[in-house]
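> The listed protein sequences derive, respectively, from chains A and B. Throughout the first sequence, residue numbering follows my numbering, covering 1 to 586 in sequence. Throughout the second sequence, residue numbering follows my numbering, covering 1 to 313 in sequence.
The set of hints was computed from the structure by calculation and includes no laboratory data. Every value quoted in this text rests on a predicted model; they were computed, and no experiment measured them. Don't take each hint at face value.
To be verified - Distance condition first, Cα-Cα at most 30 Å in a straight line; then the derived DSSO-like pairs of lysine-lysine:
#1 B/Lys209 to A/Lys297
#2 A/Lys549 to B/Lys221
#3 B/Lys209 to A/Lys402
#4 A/Lys441 to B/Lys221
#5 B/Lys129 to B/Lys7
#6 A/Lys402 to A/Lys442
#7 B/Lys129 to A/Lys449
#8 A/Lys297 to B/Lys309
#9 A/Lys381 to B/Lys51
#10 A/Lys123 to B/Lys7
#11 A/Lys449 to B/Lys309
#12 A/Lys446 to B/Lys309
#13 A/Lys549 to A/Lys572
#14 B/Lys51 to B/Lys209
#15 B/Lys209 to A/Lys381
#16 A/Lys442 to B/Lys7
#17 A/Lys381 to B/Lys7
#18 B/Lys221 to A/Lys402
#19 A/Lys405 to A/Lys442
#20 A/Lys441 to B/Lys209
#21 A/Lys449 to B/Lys7
#22 A/Lys294 to B/Lys7
#23 A/Lys405 to B/Lys209
#24 A/Lys294 to B/Lys129
#25 B/Lys129 to A/Lys405
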Amino acid sequence: MSAEASMIETEAEVPAAGRSVLRRLLTNPQGITCIAFLLLVILFGVLSPLLAPYQPNQADLNAVNAQPFSEGHLFGADRAGRDILSQLMWGTNGTLQGSLLVLAIAVLLGVTTGLLSGFYRGKFEAVAGFITDLIMSLPSIVLLIALFALTGPNVMVAMAVFGVLVAPTYYRLVRSVVLSVRTELYIDAAKVVGLSDQRIIGRHVLWAVRAPVVIQSSFVAAAGIAIQAGVEFLGLGDPEQPSWGGILQNANSNIYNNRFGVLWPALLISLTILALVLLGNVLRDVLQSSAHNKTLKRSRRRALLNEAQSARTTSSPARSEEAFLSIRGLKVGYPDGPDHVRTVVHGVDLDVRRGEIHGLVGESGSGKSQMAFSTLGILPKEALILGGSIYLEGEDLLADDKALKNARGRRIGYIPQEPMSNLDPSFTIGAQLVYGLRAVKKISDKQAKAQLIALLTRVGIRNPENVMRLYPHEISGGMAQRVLICGAVAGDPDLIVADEPTTALDVTVQAEVLELLRELSTERGLAMILVTHNLGVVADLCDTVSVMKNGRIVERNDVESLFSDPKQDYTKVLLESSRSVELMEA
Amino acid sequence: MMLSLLKSLLRSAAILLLVSFATFCLMFGNGTGIARAILGYQATETDVQRKVVDLGLDRPLLVQFGDWLVNAVTGNLGESFFTGQTVTSALSTRVPVTLTLVILTLIFTLILSVLLGVAAAVYGGWLDKVLQFVSVLGAAVPPFIIAIALVFMFAISIRAFPATGYVSPDRSFSGWILSVTLPVVALLIGSVASAASQFRGAVLDALSKDFVRTLRARGLKESHVIFRHVLRNAGGPGLTVLSLQTLGLLGGAIFVEQVMALPGMGQMANQSAQQGDVPMVMGTVVVTIIIVLVVNFLGDLANSVLNPKARTR
Numbered sequence: 001m002s003a004e005a006s007m008i009e010t011e012a013e014v015p016a017a018g019r020s021v022l023r024r025l026l027t028n029p030q031g032i033t034c035i036a037f038l039l040l041v042i043l044f045g046v047l048s049p050l051l052a053p054y055q056p057n058q059a060d061l062n063a064v065n066a067q068p069f070s071e072g073h074l075f076g077a078d079r080a081g082r083d084i085l086s087q088l089m090w091g092t093n094g095t096l097q098g099s100l101l102v103l104a105i106a107v108l109l110g111v112t113t114g115l116l117s118g119f120y121r122g123k124f125e126a127v128a129g130f131i132t133d134l135i136m137s138l139p140s141i142v143l144l145i146a147l148f149a150l151t152g153p154n155v156m157v158a159m160a161v162f163g164v165l166v167a168p169t170y171y172r173l174v175r176s177v178v179l180s181v182r183t184e185l186y187i188d189a190a191k192v193v194g195l196s197d198q199r200i201i202g203r204h205v206l207w208a209v210r211a212p213v214v215i216q217s218s219f220v221a222a223a224g225i226a227i228q229a230g231v232e233f234l235g236l237g238d239p240e241q242p243s244w245g246g247i248l249q250n251a252n253s254n255i256y257n258n259r260f261g262v263l264w265p266a267l268l269i270s271l272t273i274l275a276l277v278l279l280g281n282v283l284r285d286v287l288q289s290s291a292h293n294k295t296l297k298r299s300r301r302r303a304l305l306n307e308a309q310s311a312r313t314t315s316s317p318a319r320s321e322e323a324f325l326s327i328r329g330l331k332v333g334y335p336d337g338p339d340h341v342r343t344v345v346h347g348v349d350l351d352v353r354r355g356e357i358h359g360l361v362g363e364s365g366s367g368k369s370q371m372a373f374s375t376l377g378i379l380p381k382e383a384l385i386l387g388g389s390i391y392l393e394g395e396d397l398l399a400d401d402k403a404l405k406n407a408r409g410r411r412i413g414y415i416p417q418e419p420m421s422n423l424d425p426s427f428t429i430g431a432q433l434v435y436g437l438r439a440v441k442k443i444s445d446k447q448a449k450a451q452l453i454a455l456l457t458r459v460g461i462r463n464p465e466n467v468m469r470l471y472p473h474e475i476s477g478g479m480a481q482r483v484l485i486c487g488a489v490a491g492d493p494d495l496i497v498a499d500e501p502t503t504a505l506d507v508t509v510q511a512e513v514l515e516l517l518r519e520l521s522t523e524r525g526l527a528m529i530l531v532t533h534n535l536g537v538v539a540d541l542c543d544t545v546s547v548m549k550n551g552r553i554v555e556r557n558d559v560e561s562l563f564s565d566p567k568q569d570y571t572k573v574l575l576e577s578s579r580s581v582e583l584m585e586a
Numbered sequence: 001m002m003l004s005l006l007k008s009l010l011r012s013a014a015i016l017l018l019v020s021f022a023t024f025c026l027m028f029g030n031g032t033g034i035a036r037a038i039l040g041y042q043a044t045e046t047d048v049q050r051k052v053v054d055l056g057l058d059r060p061l062l063v064q065f066g067d068w069l070v071n072a073v074t075g076n077l078g079e080s081f082f083t084g085q086t087v088t089s090a091l092s093t094r095v096p097v098t099l100t101l102v103i104l105t106l107i108f109t110l111i112l113s114v115l116l117g118v119a120a121a122v123y124g125g126w127l128d129k130v131l132q133f134v135s136v137l138g139a140a141v142p143p144f145i146i147a148i149a150l151v152f153m154f155a156i157s158i159r160a161f162p163a164t165g166y167v168s169p170d171r172s173f174s175g176w177i178l179s180v181t182l183p184v185v186a187l188l189i190g191s192v193a194s195a196a197s198q199f200r201g202a203v204l205d206a207l208s209k210d211f212v213r214t215l216r217a218r219g220l221k222e223s224h225v226i227f228r229h230v231l232r233n234a235g236g237p238g239l240t241v242l243s244l245q246t247l248g249l250l251g252g253a254i255f256v257e258q259v260m261a262l263p264g265m266g267q268m269a270n271q272s273a274q275q276g277d278v279p280m281v282m283g284t285v286v287v288t289i290i291i292v293l294v295v296n297f298l299g300d301l302a303n304s305v306l307n308p309k310a311r312t313r
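Chain B with its partners taken away, still in its complex shape (with noise of 0.2 Å):
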C-alpha cells in the first residue's frame, strides 16, 4: 500500500511542477506586456523598460521560474506588483473562504448523496426515477444561476439569508452560517445531482454481485446486507467519484463567490487578472492545483482503506 501511495505523491508532484512550469511561461512570457499592464498606456517606452528591468522579466523564462520555484519551496510566492502584498499573505486570508465552502460542500454531498443513491437504487420505482430526472436539472444548471436564482428568493424576495459578504466563523458563529449557507446550498445542488447519480450506479453494481445473494441466503436482515456489506463494497468507486468531483466544485466556487462577492480564491484571481497582476494569478493557479491533488490523493488514501486488495498490496 505505502508503494502505490508513494506513487501517487509522486506523479502528484510532477503534475504539479509541470503545470505550474506550463502556467510561469504562460504568464510571464511577455515581460513589457506585464510591464505596460502596470504603468497603463500613457506610460513611455523608456518607462516601461525600466520596469520590465526592474521586475527582472528581462531575463530568461528558465531562470525566472527556476527563482520562483525556490521561492515557492519556502512558502514565498512573490509579491503583487500593484499593493506590493505578498502572495502567500493575500492567500491566507482568500484559501480559508474557498475551502470553507468546498469542504462543507464535500461533507453535505457525500451524506445526500450516498442517502439518495442508496435509496433510489434500494428501492427504485418512481424515488429512482424522479432523482434520475432531478440529477440530470441540478446537473445541467450552472452554479452561477443557482446561485442568482438563491440570492434573488432567499435574499432579496424573502430576506432570510444576506444576499453578499463573508462572515468568519471567529467574529460570529451564526453570522457565519448565515453567510455561508446560500453559496453551499448552490453549490451543492449539482454536486449531489451527479454525486448522487453516480452513487447508486455503484450501489446497483454491488446490489447484483453473487455474494449479496449468498449473504441473504444465509439469512442476514436486508438492512444488514445493504447498509453493512453493499455500502462498504459501493463506497470506493463512490469517493473516487467524490473526489473528482472536486475540481469541478472547486470551478462553480470560484462563480459563487463573484455572485455573492465572498471574498475568496476566485474573487482574487479574478481581480489580479483583469488587473494584470500575475504573480497573484500564478498564486492562485498553484494552490488550486494542490487543492485538487491533495483531495484526490485523500480520495486514494480512503479507497486504499476500505479496500482490503489494496491494503495487502
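Isolated chain A, as found in the complex (with noise of 0.2 Å):
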C-alpha cells in the first residue's frame, strides 16, 4: 500500500470540543458580517437623536430633489427636501420596534402552544392544530390591509396582527421538537423522580427547542421587516412619522424627479433582511449541523480517481482466464472530510465462471453489497473506487464507462433485497417492465410485451397480462420479487447480481424464490453472484463461496468444503452462529 493510500485512511480530525457556539458564529466570516451590521443598524436607530444631521420631517426647501453627495444631503434629499439620510435613522426605531413586536408576540403564543401541545396533546392539540392551519391559509397582507380600514394608520397594531399571523410556525417547530423530545428517555426519568409537568418542561424541553427557536426568530424577525415596509409602503403607515417603507413609497412616486431617492431605502431594507436570513442559515450550521464535513474536495476527488484509472493502464494483474467475471484488487471509499476517504473494500479479488453461483456472505457492513453494486456500477454518487479492476470477459469495466453500461441490463442484471421499494410507485408493473427490455433490445413495445408475459408466466406469476397493468402497491411482496427477478433476466443477461434477493421476504415464499432462481440458472446457464448474511441460503443453492469481513475475503472455497472444514476463525464463528439461529427456529 503507498504512503498516499495509507494517508486517506486515517482518522478526520475531530472539532475541537468545547469550542462556545459564541466563537464558532464570531469566527464564521458570513456570521461575523451579519452580526456587525444588524449592529450598525441598531446604532444607526438608537442614535439618531445624536446623529441624525436633522430633525424628523425638517424641510430645507433649497434641497429639494438634491442628489446624493450633494452639500449637506449626503443620500439627497426628498421632494420636500427633507434629509434622506436622516429620515432614514430617525425610521429605523419604527422598524426595530415592529420586529420586536413581531417577535415577542409570535414567540409567546406559538412556543407556548407548541409547548402545550407537545406535551399534553388530545384536544388541547387537536384545536391548536385547526387553528394554525385555518392562519396559514390566510393571505396576511390582505388581512393587514383590511385592519387598515378598521384602525388606521397603525403600523404597531399591524405588526401585532402580524405576530399572531406568524406563530404557527413557532407552533409547529416547537411542537414536533417537544414530541421527539418527548419520547426520549430523559423526560420519562425526570417523570419518574417525580418532577412537576412545568419543572419537566422548564428544565428539558425549554432546553431543546432554544436553538430552533433561536433559528426561527432571525427569519421570522426577517419576514417582519419586509412585511412592515411592506405596509408602509402601500401608505398604511402613519404619514407623520418617517418610516423605511414610506420614505421608499415617497421615493418611488418621486422616481423621475429624483431617480436615486429610491436607492437609499431599497438597499437598507434589502441588506437588514438578507442580512437576518444569511445569519439565520450561519446559526443553523452553528448550533444544528454536526461540525463533522463530510463532502470531499472536488480535486481531491478527481486526483483518486485519476490515480486509480492511471494503475489500472500500466499494470494489468494477472486474472483468470476461464473466469466470466474477473474481480482484481477492487477498493471502495466514502468521503469522511474535505481530504479524507474511509474504504470500505479493501482491494479484493473474486472469479465467477459461467453458471456458477457463488456466495458472498458476511454481516452487515463487511461490504458485500458494495462488491455487488460496484460490479454493476450503481454505487451512490458519493462513493468513490479506489482502485482495480472488474473484467467481464476480458475486458475492464471500470476503465472504460462505456463497457459498463452496455454491460448493465444486457450482460449482467440485479435483483434488489427490499422488493417493494425497487418498483417505481408511479408507473404501471408492465410500463416499467417494457422501459426496461426497450432500453437494452431493439424490439417493439408489442414484442416486449409478449416476451415479458411469456417471461412473467416462467417466473411464476399467474394471469400475467392483468398484473401488467398493476402498480406496485396493488401487488404482495413475492410478487413483487417475482417481477424485478423477471426485469434481471428479460434482457438475456449471463451475470446476475442478487442482493439478499429472499431477505424482505416472507419464509414460505423465501424457499420458492430461491427454488426459482436456481432453475433460471440452470435453464440458462446464468453465473450469479448471491450477496447473503444467510448460511442457509447459501448451502441451498451456491456452488462456491466467499467469506468478507470488514472489507476483506478471508475464505474461499466451495460450499462442501466450506461447511465441513472452515479454515478461518471468522468463518468457524459465522457456521456456529447460524447453526444456533436454526435449533432456535426449530
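The task is to assemble the complex, starting from two chains supplied on their own in separate frames and drawing on the hints.
Pasting the structure below:
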C-alpha cells in the first residue's frame, strides 16, 4: 500500500471540543458580517437623536430633490427637501420596535401553545392544530390591509396582528421538537424522579427547543421587516412618522424627479432582511448541523479517481482466463471529510465462472453489497472506486464507462433486496418492465410485452396480462420480487447480481424464490453472485462461497469444503451462530 | 379519490365560511366608525346615527352577516359606500389583472423551477452552490423592492418597458406583454428562488430511492431515469409546494401592483381600506381566499392524478 493510500485512511480530525457557539458564530465570516451589519443598523436607529443631521420631517426648501452626495445631504433629499439619511435614521426605530413586537408576540404565542400541545396532546393539540392550519391558509397582506379600515394608520397594531399570523411557524417547530424530546428517555426519567410537569417543561424541553427557536426568530424577524416595510409602502403607515417603507413610497412616486431617492431605502431594507436571513443560515449551521463535513473536495476526488485509472492502465494484474467475471484488487471508499476517505472494500479479488453460483457472505457492513454495486456501476454518487479492475470476459468495466453501460441489463442483471421499494410506484408493472427491456433490446413495444408476459409466466406469475396493468402497491411482496427477477433476466444477461434476494420475503415465499433462481440458473446457464448473510441460503443454492469481513475476503472455497472444513476462525464463528439460529427456529 | 377530493372541498368551504365570518365581524363591528369615516369628521352625531341606520349597521352582527352571506351566494357582495358601484362589478375588472400576474408567474415558476431544481440536483457541484446562494437572495428580498429595482433599471434608466400601467390583451397584445413583463419578473424572482430549491430537494429525494438504482442496473439511459421516473416521482411534492406558494404570490402581487400602478385587486383593497369602504375590502378578502383555496384544491387534484396510490383509494 502506498503512503498516499494510507494517508487517506487516517481518521478525520475531530473538531476541537468546548468551542462555544458564540465563538463559532463570531469566527464565521458570514456570521460576523451579518452581526456587525445588524448592530450598525440598531445603532443607526438608537443613536439617531445624537447622530441624525436633521430633525424628523425637517424640510430644507433649498434642497428639494437634492442628488446624493450633495452638500449637507449625503443621500440627497426628497421632494419636500427632507434629508433622506436623517429620515432613514429616524425611521429605523419604528422598524426595530415593529420587529421586536412581531417576535415577542409570535414567540410567546407559538412557543407556549407548541409546548402545551406537544406535552399534553389530546384535545388541546387538535384545536391548536386546526387554528394553525386556518391561520396558515390566510392571505396575511390582504388581512393587514383590511385591518387598516378598522384601526387607521397604526403600524404597531398591524405588526402585532402579523405576530399572531406567524405564530403558527413557532407552534409547529416547537411541537415537533417537544414530541421528539418527549419520547426520549430523559423525560421519562424525570417523571420517575417525580418532577412536576412545569419543571419538566422548564428544564428539559425548553433547553431542547431553544436552538430551533433562535434560528427561526432570525427568519421571522426578516419576514417582519419585509411586511412592515411593505405595509408602510402601501401607505398604511403614519404619514407623520418617518418610516423605511414610507420613505421608499415617497421616493418611488417621485422617481422621475429624483431617481436615486429609491436607492437608499431599498438598499437598507433589503440588506437588513438579507443579513437576518444569512444570519439564520449561519445559526443553523453552528447550532444544528454536526461540525463534521463529509464532502470530499472536488480536486481531491478527481485526483483519487485519476490515480486509480492510471494504475489500471499501467499494470494489469494476472486474471483468471476461464472466469466470466474477474474482479481484481477492488477498493471502494466513502468521503469522510474534505481530504479524507474511509475505505470500505480493501482490494478484493473474486472470480465467477459461467454458470457458477457464487455466494458472498458476511455480516452487515462487511462490504459485500458494495462489491455487488461496483460490478453494476450503481454505487451511490458519493462513493469512490479507489482502485482495481472488474473484467467481464476480459474487458475492464472500470476502465471504460461505455463498456459498463453496455453491460448493465444486457450482460449483468440485478435483483435487489427489498422488492417494494425497488419498483417505481408511479408506473404500472408492465410499463416499467417494458421500458427496461426496450432499453437493452431493439424490439417493438408489442414484442416486448409478449416476451415479458411469457417471462412473467415463467417466474410463476399467474394471469400476467392483468398483473402488468397493476401498480406496485397493488401486488404482494413475493409477487413484486418475481417481477424484479423477471426484470433482471429479461435482457438475457449471463450474470445475475442478487443482493439478499430473499431477506425481505416471508419464509414460505423465500424457499420458492430460491428454487426459481436455481431453475433459472440451470435453464439459462446463468452465473450468479448471491450476496447474503444467510448461510442456509448459501448451502441451498451456491457452488462456491467467499466470506467477507471488514472489506476483505477472508476465506473462499466450494460450498461442501467450507461447511465441512472451515479454515478461518471468523468462518467458524459465522457457521456456529447460524447453526444456533437454526436450532432456535426449529 | 372522489371521497378525498370531496373532503378537501368541504374543508375549503368551511375555511371560507369561518374566515368570512371573522372578517365580517371585525369589519362591520363598529357601525358608527364606518358611518363617521364616510361622512367625514365634520358630520354631526345625528347625521352619523342616521347613516348607521340607513346602511343597516345598527342591526345585530349575525343578522347582517346572514344577509351578506345570502347575497354573496348569489354573487352579490354589496355596494361601495362611496361610489355606489357594486363590489362584484368592481372586482370583475380588478381580479383579471391580479390573476394574470399570479397565473403567469405560477406557469413560469413551474417551468423554471423544474429545470433549475433538476439541474442542481442532478449535476450538483458549482451549479448547485450557485442556485442555493441565489435562492437565498431571491427569496429574501421582498418583491416590491425587486419591482422598484426593475423599474429603476428597465423602465427609467433603459426605457425598454413602461414603468406603470396595465394594457388589456384585447386592446393590444404586444402592449399587454410589455405591461406585464416587469411585474411578472418581479414576482418570479422570489417565487422561482424558493420553488427551485424545494424542487431540488424533491428531486434529490426521488434520486435516492431504491428503484432508481434498480432502473439504472436494468440498463435504462440516465436521461430516461431522470425525466421519466425521477421527475414523475418528484412531481407530486413539487406541485404541493407550488400550490402553497400561491398565498405568498398573491401578497407579492398586491405590492407589485402598488409599485407599477396596476389596477388590480391589491390596489382596490388598499384604496378601499384607506377610504373605509368596508364592503369593497370585504369583497377583496373573500375573493383572495377563494383564489388561494381554488389553487390549493387544484394542487390536490393534480397530486392525486400523479400519484397512483391516491387514485385507486
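> Would you mind confirming whether the straight-line C-alpha gap from A/Lys123 to B/Lys7 stays at or under 30 Å?
holds, 22 Å
> Taking 30 Å as the top limit, are the C-alpha atoms of B/Lys209 and A/Lys402 close enough?
With Cα atoms ~24 Å apart, B/Lys209 and A/Lys402 stay inside 30 Å; holds.
> Is it true that the CA of A/Lys402 sits at most 30 Å from the CA of A/Lys442?
holds, 18 Å
> Taken at face value, is the distance from the CA of B/Lys209 to the CA of B/Lys51 at most 30 Å?
violated, 67 Å
> Within 30 Å, alpha carbon to alpha carbon, are A/Lys441 and B/Lys221?
holds, 13 Å
> So if I understand the rule, the pair passes when the alpha-carbon distance is 30 Å or less; does A/Lys449 with B/Lys309 pass?
holds, 24 Å
> Has the given pair, B/Lys221 with A/Lys402, been kept, meaning a C-alpha gap of at most 30 Å?
The hint holds at about 12 Å.
> Measure nothing beyond the straight line between the CA atoms of A/Lys294 and B/Lys129; if it is 30 Å or shorter, mark the hint as holding.
holds, 16 Å
> Below or equal to 30 Å on CA atoms is what counts here, so check A/Lys405 against A/Lys442.
holds, 16 Å
> Is it true that the CA of A/Lys294 sits at most 30 Å from the CA of B/Lys7?
Distance ~45 Å between A/Lys294 and B/Lys7 Cα, so the pair is violated.
> Is the Cα-Cα distance between A/Lys405 and B/Lys209 30 Å or less?
Roughly 20 Å separates the two Cα atoms, so the pair holds.
> Is A/Lys449 within 30 Å of B/Lys7, Cα to Cα?
Judged against 30 Å, a Cα distance of about 39 Å means the pair is violated.
Hints 2, 5, 7, 8, 9, 14, 16, 17, 21 and 22 from the earlier list are contradicted by this structure; the remaining hints agree with it.
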